[in-house]
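Colleague: Chain by chain, the residues run as shown.
Protein chains: 2
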Amino acid sequence: MSSTAFFRSRWVERLPHVTELPGGGLPEGFRASGVAAGIKESGAPDVGLMVCDALEATSAARFTNSGTQAPPVLLCRERCRLDAVRAVVVNAGNANAATGRMGFENAAKMQGAGALVARVREDQVAVASTGVIGVPLPMGKVNKGIVAAAHALSADGDVAFSDAIQTTDAFEKRVRLSIELPSGTVKLSAQAKGAGMISPGFATLLCFVQTDALLSAETCDLLLGVCVKRSFERVSVDGQLSTNDMVLLQASGQSGVRIEPETEDELRFGEAIDALMRQLSLLVVADGEGARRVGRVVVHGGEPDAVDRVARAVANSPLVKTALYGGDPNWGRIVQAVGAAMPGTAPLAVDVLIEGVKVCAGSAQVSHDAEAVAEAVKRDEVEYEIFLPGEGAETEVYFSDLGHEYITINADYTT
Amino acid sequence: MSSTAFFRSRWVERLPHVTELPGGGLPEGFRASGVAAGIKESGAPDVGLMVCDALEATSAARFTNSGTQAPPVLLCRERCRLDAVRAVVVNAGNANAATGRMGFENAAKMQGAGALVARVREDQVAVASTGVIGVPLPMGKVNKGIVAAAHALSADGDVAFSDAIQTTDAFEKRVRLSIELPSGTVKLSAQAKGAGMISPGFATLLCFVQTDALLSAETCDLLLGVCVKRSFERVSVDGQLSTNDMVLLQASGQSGVRIEPETEDELRFGEAIDALMRQLSLLVVADGEGARRVGRVVVHGGEPDAVDRVARAVANSPLVKTALYGGDPNWGRIVQAVGAAMPGTAPLAVDVLIEGVKVCAGSAQVSHDAEAVAEAVKRDEVEYEIFLPGEGAETEVYFSDLGHEYITINADYTT
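So the sequence lines, in the order shown, correspond to chains A and B.
The numbering of the first sequence is the working numbering, which starts it at 1 and goes up by one.
The numbering of the second sequence is the working numbering, which starts it at 1 and goes up by one.
Calculated from the structure, these hints are not laboratory results.
Please note that a few of the clues may not be correct.
All copies of an identical chain are treated as equivalent in the list; a pair is satisfied when it fits inside any one copy or across any two copies.
What the hints assert, rightly or not - Each computed DSS-like pair below joins lysine-lysine, with the alpha-carbon atoms no more than 30 Å apart:
| id | residue 1 | residue 2 |
| --- | --- | --- |
| 1 | Lys358 | Lys109 |
| 2 | Lys229 | Lys141 |
| 3 | Lys358 | Lys378 |
| 4 | Lys358 | Lys141 |
| 5 | Lys144 | Lys378 |
Required output: the full structure, derived from the provided sequences and hints.
Modeller: In structure tokens, the structure reads:
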């Protein structure tokens, strides 16, 4: 594995002070595991446990903003010290969503079992579930899984943990980085899952990030908040906000390298988390339940609300997404999506560029090298740029195409 | 053809005073035609002409609210007496959208040619285009088509006209009705096209309605406005607002039956237009580019904005739509879509019924006859009912499923 295997997208900046590490292994102070508990019918691993052994661990978290948040999310928000999470218990194969009071009690039981096996306080245990909605958790299996996971904990258990949190994912979204800071070297690791029910705005799927850097809970929260906004909140597979999304950053402090606010250390460390989360979010888009290509839409204009609305409308348009799937430079559909996001403004002057080639100016077609554009949209990553009237506002959204595999997966993926 | 062939959906009320008429034939005072002008590569009919010979014709129209309205829409709004439209020129195969000033001039030329051949004033001619976006209209072909269409005008030209306005439609959306009113018998005919780029809200696709009833322009406008809100504004194929949508109602008055405001005549006539447009809009959904099933989502709650937002979120959710395609009673995805439409309200209590069976109460699963529900969602029409907190607000949206055919059509349908 080369040092740039993880940073495979041209949209993620290469950082000279960041090196990817091969294989498995968590930062100092962490142990993890993943076991098969029989929740998934396939028999694949489905219970993961992540434990931070440092007494003074710090953390920060973000959750889905859905009105129908699943019990594990409600539990984390209500009964967790989110600035001091020591352990995380995750199950896949069942989202424990739309399960009511019993679902909340089951999430509480998972938290209790996690506290027991990790030997930490209950409010230091976060819980997460992912999978089918509306089916009660099989608690017997979950509990046995948690006990087995506790026995399997190891310093290189991130690989098994990563396996255990996946559902319809086609490939692993796991990374280990070494970061050179002025004050010393720290490590970052992360495991994410997500392929469908991924939406821009609030969206976070499941992503767990660990570091042995020494951070205050405030710094954890600040860095996570900024990076989520630039990564998971800017991607879309199908415009669907999940009931269970969660991103968690945990810091063990075991490297002894302290990240003080407003220092070069913080800047460089932040850059690394930013790159890591951007690349992970792009991997989620690339895995977008059968996706073939990833698109990036950049929108410029005078009003922040308008550029955001337009970017999301283009990213979520099934017509734009099917054209991307077909490798079809059908920019008329982009104009359509822009117009739909800006009702009542006709005639609106819109410029559209595909891979730097202007195909539409002032909402009208312009002559261009159609063959070059047709060639460009058949690549793995396709960039669209849109100019609305005005200046000063800009945003981007990354999105997957929409193809037959999405239909196959979602027409058959069961209740 | 039986008298209920058109009113095939259980969601359109049967009206004892309305009878469907077989075959073709326009109400008194109208002639129409459709010809192949070579705009469509397939060689299928692509220019339609509808002429009302009554000097005192009245009319009303509604258009897409897109910010990137196509030149024919802009032209109709700016240069048409929309309350007195005598002729309509339509081409399919090219939307004349995103074509800028030249597109506007071409729309004006279509209007001019229509006026010439129909022998009416230019501002009495409406123009409409549908098809590919961003390609200049081949005006030589269009003009030849208009001339040929003028020669082909006939009182039963509605069949050919209906053919000429279609694009990706899999079947005809045309109807002829006879309506018994207290003051006499009148006729209604309509031709619609639409299968993709169909969105709730503003959406209207192309639909032309003719009657020989005698209506003031104000009554035309009132009836059309009310009926559009209950039909084309409540359907979704793919949540995509078109650049070219238009609904036009024309009245020749040739039956001599006058529809006075606030009379039994107006009520019954309104019921007939309402049923006609609801059934046409349902046919558009059923034709939803490869659709297999049509869903209806009814949302109840305390706030009109919230019930509308939730209904559209469910109707446009690719996860709900693929489940409908798969005949899968995956109500968890409905809960997900509801939560996404109501961010920041967790925990939100939601009830969900499928075909009258309660599957979720207070956002938690309830035991139910899963086999009966699984059987019900495999039928042609599936009804979902959602209860949000509160009372007094209710709305509905009709939607198509999302299947492989949509992908095939839209990944290959070309620029």
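Colleague: Determine for every hint whether it applies to the structure shown.
Modeller: Against the structure, the hints:
| no. | hint | result |
| --- | --- | --- |
| 1 | Lys358 - Lys109 | between (57 Å within a copy, 28 Å between copies) |
| 2 | Lys229 - Lys141 | neither (36 Å within a copy, 51 Å between copies) |
| 3 | Lys358 - Lys378 | within (17 Å within a copy, 46 Å between copies) |
| 4 | Lys358 - Lys141 | between (57 Å within a copy, 28 Å between copies) |
| 5 | Lys144 - Lys378 | neither (48 Å within a copy, 38 Å between copies) |
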